[in-house]
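Based on the provided sequences and hints, a complete structural model is requested.
If you read the sequences in order, they're chains A and B. What the first sequence shows, in our numbering, is residues 1 to 314, in sequence order. What the second sequence shows, in our numbering, is residues 315 to 956, in sequence order.
Incorrect hints may appear among the rest.
[To be verified] Listed below are several chain B residues computed to face chain A (Cβ distance under 8 Å; list not exhaustive):
hint, residue
1, Gln407
2, Ala569
3, Asn601
4, Ala605
5, Ser613
6, Thr617
7, Arg725
8, Val734
[To be verified] The calculated SDA-like cross-link candidates involving lysine to any residue, where the alpha carbons are at most 25 Å apart (straight line), are:
hint, chain 1, residue 1, chain 2, residue 2
9, A, Lys29, B, Lys590
10, B, Lys698, B, Asp682
11, A, Lys57, B, Ile567
12, A, Lys77, B, Asp563
13, B, Lys409, A, Arg179
14, A, Lys118, A, Pro135
15, A, Lys311, A, Glu215
16, A, Lys190, B, Lys652
17, B, Lys361, A, Lys311
18, B, Lys599, A, Asn112
19, B, Lys590, B, Glu762
20, B, Lys361, A, Arg228
Everything labelled a hint here was simulated from the structure, so no lab data went into it. Please read these numbers as outputs of a predicted model, since none were measured by experiment. Backbone N, C-alpha and C define an ideal beta-carbon position, used for all residues, glycine too.
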Amino acid sequence: MPDHRDHPAYQRLYPALAPDEPAVFFPQKISREDAEHLDALEAQSVYLIREAFHHFKNICMPWSMGKDSNVLIWLSKKAFFGHIPYPLLHIDTTYEFPEMLDYRNWAVQHHNLNLIVKINEDARAGRGDYATRGPIGFDTADPITCTHELKTVALQQVMAEHKWDALITGIRRDEDSTRAKERYFSPRTKDFEWDYKDQPPEFWNQFTTSCAPGEHVRVQALLDWSERDIWLYIQREGIPIPKMYFARTAPNGNRYRFRSLGDWPISNPAESEADTIDKIIDELATTKTSERAGRAQDHHERNAMQKLRAKGFM
Amino acid sequence: MTTAPAPLSTSTPALTQFGAARLRVVFVGHVDHGKSTLIGRIFYDTKSLPEGKVEQIQNACKEEGMEFEYAFLLDALLEEQAQNITIDTTQIQFKTDKRPYVIIDAPGHKEFLKNMITGAASADAAVLLIAANEGVQEQSRRHGYLLSLLGISQVVVAVNKMDLVDFSEARFNEVVTEYKAFLSQIGLEARQFVPVSARSGYNVDSAAPKEMPWYTGPTITQMLDTFEPPKSLAEQPLRFPIQDVYRFDDRRIVAGRVEAGSLKVGDTLVFSPNNKTSVVASIEKWNAEKADTAVAGESIGITLTEQIFVDRGHVASHDVDAPIESNRFKARLFWMGKRHLNVGERYKLKLTTQELDAEVVSIEKIIDASTLESAASDRKYIAKNDVAEVTIQTRGALVMDNADRNALMGRFVIVDNRQVAGGGIIFGGTYTDRSKVKSQNIFWSEGEVTSKHRALRNGHKGAIVWLTGLSGSGKSTVSHALERELFNSNHHTYILDGDNVRHGLNSNLGFSPEDRTENIRRVAEAAKLLGDAGVIVITAFISPYLADRQRAREIALAGGVEFIEVFVDAPIEICEQRDPKGLYKRARAGEIAEFTGITAPYEAPVRPEITVHTDRQSLGESVATILEFLKSRLHAEESFEI
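As structure tokens, this is what we get:
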């Protein structure tokens, strides 16, 4: 692994790995409890993924490399007996933690992924539509603007190019109050807008399975899962994940870990002793802070997440 | 009153309790009867909120100059706070000492029925709120009815806002008596009525002996703890609807979720509706322990020993206790569509992984969900928020169960304009024993495809609509308008006329009496073939001779195709005035020999099925006359016994 110890992403509370350490963590398979509950979640997600694959011609699975994303890869392989019959998409903001890029390279090989990497190059370089505004980055713009331009707009650009009619996403109801209102199959307009006030009914496992040209449907295969379910499942199945979820010792002597991984300038680790999945699961039983508390763009202003999501953010 | 379970402590539950199955509870009730407040209170009392959430909302209220309310804990979206109503189904979790719960908050506004259905359809139990001061409202009854329709029987009624009626036991009993009477009409029995003040937390998670000493029954959370998790369908007869067939690594894997019962390697499966059988060779899962059996709830794949044709929508069962298959069934239907559901209009029906075109053929009754009164059933549509008993016909066989036998296979949705717009529960279907009566299958036989099979698929029989009349009487105009109407209402139809016959099939024929006769014979033969293929053929020829038309009729009937003679009648003066192709003029000038009506005879039909008078009927009236007649003749038989 390359040496990232001098990279600015690792100069605050969370230090880089030693150069010889791999960025990927292979959990030991342990089945703790709640097997039936996990079985039911898995069966429903597999069902949703297969429904999506059947109904939509041109489908893609966004992949952030985080824990939920890696569970999605796993569930896809469950659904298609070891295969992933659609491309994965990584929206690269250019602010990924370097370890995550190492992880990305490893995962492409390991899972034999058909990975599309998309960067909003115009925004970063300040050309094209951005010529008058200048380059967009965390040094020039606020977190909401950065997230919108480098993630949502980048997604719009790559979707215009590939014309996907469905995206399999890994959002969960328990992450955020706006996500709690989501449907499994959630239609989006041409402009990516989500009409959360007039969503189609969804019951008895029947979904909105077609859309007009130019529109797309978000298939939210992990909607029912909680953060804890995700970890129990990763542990039970032995799903490889990035090492950055585990506690490391900061220069101040305290230990920190990431509960949610995003762009390094706006991702803050939480104080934690959890350096194993067991400890993470135990920690979740007592924590009263929210999972995305460390993600600055969510809290930049009141209702930031709602604004971001209405405009097409995942 | 039932005896109260042991009191609960409200301390933070220990980790091990996560292991219990989550119970999904829907909260329903009239708008402003206090749902969001009750849910907020439950969260607060069971200490299920993330740290800082209450403070965060209290601060937000201060900023906006509003008084803090427990309801705001739920209504996290800005505009919900502004309007003070819940917009959509929200799912959140809380936990008691006994187990975790998923709360589904369903809004009370009438126009938000679809959100309530979306939420309530997946619930294991329900809390129904009635405000003590306002009492039973239309929505209270409607929601009770919908819960019974959705098959939710574990219901606790919270009589809320007891503080507004001075904690009056008499008032509480009034509400209980009135609502119990309503519920008994729909066969629903509330497990408990609990007098509650959600705002103060009385009888929510802890009792209120001081305020309501007359009530010694369980609190809301204690009642919830008595409810049962959903029963596994593993003991039921096997239902394995096929989701897809994949070919990976040279294996053909039949994928789907076992919805009921179980299957094991070596089982003989019957695939409905095509009634093919094969044996399970293996059960396929990726990165899981090898298993020889699969039970209800598992998403699996199987391979078969014999490679038969199996496709999405087929349902595998064992040959005993096989599902019903039919193209016609009775259902209770609720409609949430923006447009009316019209009798006779075609919609997409989805039941598990099956998708079929379907139409409501009749409405038995329309039920007012709050008064339970049946509206007159001569209405030809079902409006938004209506509940109705209907008969539905599908194109092709639908595999199903009665809902009381198997809920998952006994319910379907109807799609209008890409969106799920209605749902229904199947009842009253008849089962046949497939192990004894293999040939009972009413749609798929091993033998040849007959015109009846075609009619069933098309939704109508083939037929010949034979237009006859003078040149200029309007045959061509009528034929095209008729074709358009039939086509728009999803019929297979085709016009044979001089334009497409004279230039090809009959290009070697002239206008001598012999040639005219041969022309009509060939047209009749061609029309018979199309009719047998299931098409409604419209012919538009003068066909002036009685004998020729009689022969055409015989040709059709010999081929089993209905022959409908339509006399397009208009006096010759009018036809000559119209003279759309200038033929009369040329005939008068002697340029055309043997022109019907001028120099050759036209023998009017003696007993045509239909006569239209194009001189005094409008085109619309003429077409309507023909359609009216066709409707009675062309509809596929109610039920085919082949």
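How the hints compare with the structure:
no. : hint                  : result
1   : Gln407                : 7 Å, holds
2   : Ala569                : 6 Å, holds
3   : Asn601                : 7 Å, holds
4   : Ala605                : 12 Å, violated
5   : Ser613                : 4 Å, holds
6   : Thr617                : 11 Å, violated
7   : Arg725                : 5 Å, holds
8   : Val734                : 5 Å, holds
9   : Lys29(A) - Lys590(B)  : 41 Å, violated
10  : Lys698(B) - Asp682(B) : 12 Å, holds
11  : Lys57(A) - Ile567(B)  : 20 Å, holds
12  : Lys77(A) - Asp563(B)  : 13 Å, holds
13  : Lys409(B) - Arg179(A) : 20 Å, holds
14  : Lys118(A) - Pro135(A) : 17 Å, holds
15  : Lys311(A) - Glu215(A) : 14 Å, holds
16  : Lys190(A) - Lys652(B) : 22 Å, holds
17  : Lys361(B) - Lys311(A) : 34 Å, violated
18  : Lys599(B) - Asn112(A) : 19 Å, holds
19  : Lys590(B) - Glu762(B) : 17 Å, holds
20  : Lys361(B) - Arg228(A) : 18 Å, holds
The structure does not agree with the numbered hints 4, 6, 9, 17 stated previously, though it agrees with the rest.
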